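Asker: Sequence:
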Amino acid sequence: MSQPQTKKRRSRKGCKQEPSQVKEETNPIPVKMETEAETEVKPVLPSSTSSLLPSQRAECSSCKDTVENPVTCSSCDLFFCLKCFDVWLSLTPQTMCPACVAAAKKKQDDNCGVHDQELNLFCLTCGTRICSGCFLNTADHKRHQIDDLDVVYREKLADTNGKLNVVGDVLQQFQSVVDTTEYNAGMICKTEDDMETELNQLMDTAKSEAVEWKEDKLRLCLLRKEVPIKRKLLFEELQGKINCLAKHEFIAKKDELELEAAALVPNAQALFPPPIDYHDYECSLIPQCRKVPIILDNFSRHFEDPKYDVIASVDVSDSSETFWTVRVFKGQFLTIDFSQKQLLKHSLFFQLYVEIIHVDHRNTLCTMQETQSTNCHIDLIEMEKLKEKGFISSTDEVSLGIWMRPKSIIVERQALTLNFLDLKRTKFELDDKYNGVVSKLAESEQYSVGYFRIPLDKLQFPEDNTTDTLQIKSHPIKDFSGRSWCMYVEREKANRVCAESYIGVYLMLCSPLKKKTSSLRRRYYLELVNKDHDYCIRKYSSDNFDSMARCGWSPFVKMSRVFADSSGFVRKGAIGFRFGVQNRKWK
Numbered sequence: 001m002s003q004p005q006t007k008k009r010r011s012r013k014g015c016k017q018e019p020s021q022v023k024e025e026t027n028p029i030p031v032k033m034e035t036e037a038e039t040e041v042k043p044v045l046p047s048s049t050s051s052l053l054p055s056q057r058a059e060c061s062s063c064k065d066t067v068e069n070p071v072t073c074s075s076c077d078l079f080f081c082l083k084c085f086d087v088w089l090s091l092t093p094q095t096m097c098p099a100c101v102a103a104a105k106k107k108q109d110d111n112c113g114v115h116d117q118e119l120n121l122f123c124l125t126c127g128t129r130i131c132s133g134c135f136l137n138t139a140d141h142k143r144h145q146i147d148d149l150d151v152v153y154r155e156k157l158a159d160t161n162g163k164l165n166v167v168g169d170v171l172q173q174f175q176s177v178v179d180t181t182e183y184n185a186g187m188i189c190k191t192e193d194d195m196e197t198e199l200n201q202l203m204d205t206a207k208s209e210a211v212e213w214k215e216d217k218l219r220l221c222l223l224r225k226e227v228p229i230k231r232k233l234l235f236e237e238l239q240g241k242i243n244c245l246a247k248h249e250f251i252a253k254k255d256e257l258e259l260e261a262a263a264l265v266p267n268a269q270a271l272f273p274p275p276i277d278y279h280d281y282e283c284s285l286i287p288q289c290r291k292v293p294i295i296l297d298n299f300s301r302h303f304e305d306p307k308y309d310v311i312a313s314v315d316v317s318d319s320s321e322t323f324w325t326v327r328v329f330k331g332q333f334l335t336i337d338f339s340q341k342q343l344l345k346h347s348l349f350f351q352l353y354v355e356i357i358h359v360d361h362r363n364t365l366c367t368m369q370e371t372q373s374t375n376c377h378i379d380l381i382e383m384e385k386l387k388e389k390g391f392i393s394s395t396d397e398v399s400l401g402i403w404m405r406p407k408s409i410i411v412e413r414q415a416l417t418l419n420f421l422d423l424k425r426t427k428f429e430l431d432d433k434y435n436g437v438v439s440k441l442a443e444s445e446q447y448s449v450g451y452f453r454i455p456l457d458k459l460q461f462p463e464d465n466t467t468d469t470l471q472i473k474s475h476p477i478k479d480f481s482g483r484s485w486c487m488y489v490e491r492e493k494a495n496r497v498c499a500e501s502y503i504g505v506y507l508m509l510c511s512p513l514k515k516k517t518s519s520l521r522r523r524y525y526l527e528l529v530n531k532d533h534d535y536c537i538r539k540y541s542s543d544n545f546d547s548m549a550r551c552g553w554s555p556f557v558k559m560s561r562v563f564a565d566s567s568g569f570v571r572k573g574a575i576g577f578r579f580g581v582q583n584r585k586w587k
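The opening residue of the sequence shown carries number 1 in this note's numbering; numbering runs sequentially from there.
Hints are not guaranteed to be accurate.
The calculated lysine-lysine pairs, modelled on PhoX-like cross-linking and capped at a C-alpha distance of 20 angstroms, are [stated by the list, open to error]:
#1 K254 with K241
#2 K254 with K163
#3 K232 with K341
#4 K232 with K163
#5 K163 with K64
#6 K585 with K539
#7 K515 with K585
#8 K307 with K387
#9 K241 with K253
#10 K427 with K341
Because the hints were derived from the structure by calculation, they are not lab data. Please read all numbers here as calculations on a predicted model, not as lab measurements.
Just need the whole structure built from these sequences, with the hints factored in.
Answerer: Here's what the structure looks like:
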């Protein structure tokens with residue numbers, strides 16, 4: 001291809017060169033250009049630079065050298081020498097510089113491939129980016145909810161940031177776990193020393209159990225110290241991931257990111273361990289303590305009236321199943337009173353523990369007393385000192401912890417034996433009364449009734465139309481003879497029998513029959529509940545039931561009648577059924 005000297009030289013697709021007014025030609029330098037067939041352009045270079053005009057000289061935007069007859073970018077008109085132009089032309093067939101190629105590629109990614117318009121809208125129904133042409137000129141998004149992409153991004157980002165802030169606040173509270181855990185670790189070590197003194201005269205197996213308990217507790221404390229740190233790192237990593245996502249990528253992954261953030265919070269309450277005291281250890285040769293928390297709310301009102309009075313009462317049991325009534329009194333002192341609900345025939349020793357919990361667990365007041373009587377009275381602390389020492393919380397509450405246990409496993413076994421004999425005697429008396437009541441009910445005409453609610457979405461057929469019938473089973477109910485019954489609800493599509501979709505209802509016996517009995521005849525009813533009782537749909541019948549038979553009605557009611565706007569059958573997005581089985585045999 002020849003090179004004109006007096007006209008502006010153009011190469012492929014708009015790549016242009018400055019005009020040359022030099023009459024002499026020198027050795028041509030090949031330049032790769034993009035045309036329909038790849039050719040070589042040989043610009044004319046002067047033999048000397050003294051005769052060149054200033055417009056024929058320019059600085060290369062890439063190597064910064066001053067060149068003659070420079071080549072310009074077809075997009076931004078920057079100057080380049082032939083050497084630099086040849087280098088980037090070997091990497092891309094474009095006649096634009098690398099910066100313009102990147103800008104064009106970004107613009108192409110942000111434009112619709114069909115309408116060549118900017119993807120600045122977001123279809124909330126389909127969950128995808130669209131342009132104005134997709135919304136106005138195509139039927140794919142007709143009547144869909146459309147909003148500006150930036151508006152949707154800001155709303156979704158604000159929603160997610162709000163949830164992340166909640167997660168961040170919870171994770172910040174984990175720092176208090178470390179302090180409590182360190183305190184618990186110290187108490188565990190102290191508990192081990194006290195246990196060794198108590199277990200010196202016991203078997204070696206009890207000592208090994210104590211050491212194993214200590215290791216498990218310390219291992220749990222170590223895990224509680226590590227979890228907040230690890231979750232904080234995961235939270236920071238999640239925030240960084242969100243900030244790096246593009247708008248459309250964030251919108252697509254929003255639900256996934258929120259689930260990942262929410263996964264940092266579950267079981268957070270388990271990381272807040274309660275303080276461990278000297279009676280919290282576990283050993284097979286020492287009875288367990290059962291803790292009972294008592295919260296005394298609105299406590300300041302008790303200072304206004306110094307009268308001695310009961311302010312709390314609760315019934316608890318220890319590991320020997322001995323039941324106690326615990327009462328809290330106020331007067332000059334805050335007092336705890338223990339009394340056994342059932343009097344044991346023998347006097348046994350019990351240990352009673354009481355704690356007044358302080359905000360700083362190290363200042364918690366602990367009291368232990370041993371008693372052999374069925375009643376015990378403990379003065380904990382003067383009422384005025386509760387306020388002075390900070391036992392009353394900012395919410396005007398005083399928290400107490402009550403523990404009790406038999407003194408030893410020998411006492412525990414004695415108490416268990418006495419309580420077992422007493423319960424066994426009571427059981428025989430109750431069994432006689434129960435059998436008498438059951439025999440009367442079995443001969444009565446009362447119905448054992450069950451209630452069954454079905455959400456409307458469960459009654460919808462699959463979109464792929466893989467089945468024409470949907471079947472839902474209720475929870476079983478038991479009649480007074482101990483037999484289980486359940487209700488089946490079926491929704492069937494229109495067929496030759498019924499021109500509309502309808503609901504069928506059935507009753508089935510779930511319990512096996514005795515070998516001598518082949519079937520069981522009972523009277524029953526099935527009902528579709530309406531908020532107006534006068535419009536409920538109920539049908540009665542009596543049938544023989546065996547382990548395979550299902551009795552009922554199909555069709556029972558048309559779907560169009562159930563889902564009508566003013567039918568009254570749909571309440572809070574569900575429909576309700578009631579079914580009953582008569583207890584008396586039906587002849």
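Asker: Quick one: which hint numbers does this structure break? Sort them smallest to largest.
Answerer: 3 and 5
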